[in-house]
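Student: Counting from 1, one number per residue, gives the positions in the sequence shown under UniProt numbering.
Since the hints were derived computationally from the structure, they do not count as laboratory data.
Predicted, not measured: the structure shown is a model, and the values here were computed from it.
Take every hint as true, because none was put in to throw you off.
Listed next, the in silico BS3-like pairs over lysine-lysine satisfying Cα-Cα at most 25 Å (straight line):
#1 K161 with K116
#2 K165 with K56
#3 K165 with K146
#4 K50 with K101
#5 K56 with K77
#6 K132 with K162
#7 K136 with K44
#8 K116 with K130
#9 K146 with K50
#10 K101 with K55
#11 K161 with K143
#12 K146 with K116
#13 K161 with K44
#14 K77 with K44
#15 K161 with K147
#16 K136 with K146
#17 K132 with K116
#18 K162 with K147
#19 K132 with K143
#20 K50 with K147
#21 K50 with K162
#22 K76 with K44
Between beta-carbon pairs, the in silico distance windows are:
#23 T11 with I93: 19 to 29 Å
#24 K136 with R42: 23 to 33 Å
#25 K161 with T11: 53 to 63 Å
#26 I8 with K143: 52 to 62 Å
#27 L3 with Q41: 45 to 55 Å
#28 V121 with K161: 15 to 25 Å
#29 V13 with T133: 32 to 42 Å
Cβ atoms here follow ideal geometry from the backbone N, Cα and C, with glycine treated the same way.
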Amino acid sequence: MLLALSVILLTFVFAGLLFVIILFMFLLFDAFLDLPYVATQRRKIEIIMKFAQVKKGETVVDLGSGDGRLLFACAKKGARAIGYEINPLLIFITLLHAKLKGFSDNIVVIRKNLWKADLEVADVIFVYAKRKTMPKFEDFVYKNVKKGTRLVVNTNPFPNKKPLKEEDKIFLYQV
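Kindly produce the complete structure, drawing on both the sequences and the hints.
Tutor: In structure tokens, the structure reads:
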């Protein structure tokens with residue numbers, strides 16, 4: 001009996017340590033990306049959604065969708081929300097929440113490098129990236145979207161374009 005309890009206890013300890021190590025690896029991996037995971041604050045989501053003016057039936061693309069906060073905000077408006085994310089843990093969390101909240105039909109997360117994202121389908125695009133990456137993002141986005149696409153950028157603006165609106169380090173552009 002004591003041996004069985006010891007085996008069970010060691011199994012739980014090992015599983016816990018393995019979970020912590022895997023989580024640390026994902027976070028370490030994420031730190032070296034062009035788009036590290038940073039959860040968007042609720043007040044910023046409100047500004048982003050106000051700027052984006054997402055309408056029912058539109059398609060929204062979030063480049064580096066993280067835990068899906070913006071995808072859910074768009075899905076609640078009746079939009080088709082597509083996230084590009086390479087962190088499998090964040091994809092799992094987003095898809096699990098989508099299933100539990102009944103948004104599975106509106107939310108898709110694609111595990112693909114964002115530089116290979118299909119932007120032509122987007123009516124609205126969300127971008128949050130490091131300042132040093134913004135010139136590359138600006139070039140990529142403006143070359144690959146259709147005319148009229150709304151771009152909402154969080155924190156670091158495009159260096160060569162003038163935003164239509166700006167509030168609390170949220171910037172709105174339109175191609």
